[in-house]
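Student: For the record, the sequence lines run as chains A and B. Each residue of the first sequence is one higher than the last, beginning at 376 in our numbering. Each residue of the second sequence is one higher than the last, beginning at 398 in our numbering.
No wet-lab data here; the hints were simulated from the structure. There may be inaccurate statements among the hints.
Covered stretches of chain B, as calculated for chain A (at least 3 residues, CB under 8 Å) [to be verified]: (1) 487-495; (2) 499-509.
Computed spacing ranges between beta-carbons, pair by pair [as the list claims (entries may be wrong)]: (3) B:501 <-> A:398: 21 to 27 Å; (4) B:481 <-> A:446: 31 to 37 Å; (5) A:465 <-> B:435: 22 to 28 Å.
Note that CB positions come from ideal geometry on N, CA and C, so glycine has one too.
Residues per chain, in single letters:
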Amino acid sequence: MTPLLFLTGCEDLALGLVGVSVILALIRLLRGPGLADRIVALDLLTVLAISLIGVLALRAGQPLLLDIAVALCLVGFVSTIALARLLLRRNIRDNSSRVTAPEAETGK
Amino acid sequence: MPMLIAYISGVLLVAGALFSLTATIGVLRFPDVYTRLHAAAKAGPVGAGFVLVAVALAIFSPPVALRALVGLVFLVLTAPVAAHLVARAAYLAEVPPDTLTKVNDLENEKLTRG
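Using the sequences and the hints, build the whole thing.
Tutor: Below is the structure:
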């Protein structure tokens, strides 16, 4: 087996494995009982997308795709932080609304 | 491209894809957020890192290798921070841990939201 043929086979195998991973992560994203589980699934999905783009860069012979992977890495980090803040903020609002709800009802 | 490098790069590609699959199976099968974060935050970046190293080896030119290295460094720097933030937010938002969880070191700590 020539080295290039071996590499092409490995690329196809890796593409398939990461594709299956994306589908499994999507199942967790859809099922995940809470917001936190969905955030974890989304974070994993961005990492999987980076892997996928890396394999595709080899498969298509387009090294420029790596720039997209770097950008996606940073955007994924910022989005995960934003979602974590959302998780905190939403919980604060839920708790405070639980406290103020009786007042609002007596005010009516 | 030298012959040996193609083999090394192919093996790294498959190893990275297997790590990604492991991370995903962990996220799918583990019982609660905190254990899922373990799988997602450790095995995931390792898988993507292996793939990036494989790309850098296979294409074998300095600009591409630099890009792959920058991606790898960003990934390794940001993944633990993001995982820590999500875990902290989940704990402060009182997401319940699984019933198998025995130790809670933060029980007597006063954590401030911020």
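Student: Identify every previously stated hint that the structure contradicts and give their numbers, smallest first.
Tutor: 2, 3, 4
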